[in-house]
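Trainee: Next come the chains, spelled out residue by residue.
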Amino acid sequence: MTEAVIRNKPGMASIKDMPLLQDGPPPGGFAPVRYARRIPTQGPSAIAIFLATFGAFAWGMYQVGQGNKKRRLMNRVIKEEKYAARRAILPLIQAEEDERFVKEWRKYLEDEARIMKNVPGWKVGENVYNSGRWMPPATGELRPEVW
Amino acid sequence: MAANVSAEDPVPTSAVLMAASKQIGLRCRNENVAFLKCKKKDADPEKCLDKGRDVTRCVFSLLRDLHQKCNKEMDEYSRCMYYHTDEFELCRKEQEAFEKACPLE
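The listed protein sequences correspond, in order, to chains A and B.
Heads up: the first sequence begins at 1 in our numbering, then just goes up one per residue.
Heads up: the second sequence begins at 1001 in our numbering, then just goes up one per residue.
Derived by calculation from the structure, the hints in this document are not laboratory data.
Incorrect hints may have been included.
Capping the alpha-carbon separation at 30 angstroms, the derived lysine-lysine pairs in DSBU-like fashion look like this [stated by the list, open to error]:
1. B:K1022 - A:K79
2. A:K82 - B:K1022
3. B:K1041 - A:K103
4. A:K79 - B:K1093
5. A:K103 - B:K1093
6. B:K1039 - A:K107
7. B:K1040 - A:K82
8. B:K1047 - A:K123
9. A:K82 - B:K1039
10. B:K1093 - B:K1022
11. B:K1039 - A:K123
12. A:K69 - A:K79
13. A:K82 - B:K1100
14. A:K103 - B:K1037
15. A:K123 - B:K1041
16. A:K79 - B:K1040
17. B:K1022 - B:K1100
18. A:K117 - B:K1047
19. A:K79 - B:K1037
To give a feel for the contact side, a few chain A residues facing chain B, derived at Cβ under 7 angstroms [claimed, not checked]:
20. L21
21. P91
22. W134
Derived Cβ-Cβ restraints for the label pairs, each shown as a range [stated by the list, open to error]:
23. B:K1072 - A:E112: 47 to 55 angstroms
24. A:F54 - B:S1014: 48 to 56 angstroms
25. A:R100 - B:R1092: 33 to 41 angstroms
26. A:E112 - B:H1084: 41 to 49 angstroms
27. B:E1099 - A:E112: 47 to 55 angstroms
28. B:Q1068 - A:G65: 33 to 41 angstroms
29. B:K1072 - A:A58: 53 to 61 angstroms
30. A:K82 - B:S1061: 23 to 31 angstroms
31. A:V102 - B:S1061: 18 to 26 angstroms
32. B:D1044 - A:V64: 47 to 55 angstroms
Beta carbons: idealized from backbone N, C-alpha and C, even for Gly.
Construct the complete structure from the given sequences, taking the supplied hints into account.
Mentor: Written as structure tokens, this is what we have:
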């Protein structure tokens, strides 16, 4: 009943003819609103960016190369000194090891002769290879008394 | 080899040998080269025993000589080498003192 009182139009036949009461735009419509994007195309171009990147990379790799060269030269002296020292000591170490090995080997040959005494046709002492060169014994253990 | 070593000789540990390596390389050069040539010809240890004994004798006599002439500097240098496991760069000071006391000539 209240709607009929508020939206009354004089001379209406039934409430089905009531005029609409809406919230609408002002007469003449709203002002136009910009919704299109406007990102300006400014700044360096693609070629400029690519060249700058490539230039930075090339300069960086050049610096890496220079640093490597300097480090190699400096390290070469240090390494040469270490290698020369090792080269000077090597014969002494090898000679001592040779003496120890020969002693052990002779003891081993004696043991072999004792063990294979009764086997006919066994030539004591070595040479399992036919090439004529001396090969170190390949028992898989270098110094059994150490292990 | 047992006859060459007596009680107060310097024990040839790696530190002592590395400390004296320049001297060894200089003074025992002929014996070293002869031994290496013999080894290159034939790898059999029994064939190069005598040259090996030459090398051992030369190095031990050199070590004894250094031990008598500049005992303190060599001990310091060997101790530094032992502490830094044979790293030459970390022992420059002791190396200079040693080379000043026992020059390489």
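Trainee: To test your reading of the hints: which numbers does this structure violate?
Mentor: Hints 5, 20, 28 are the ones this structure does not satisfy, whereas the remaining hints hold.
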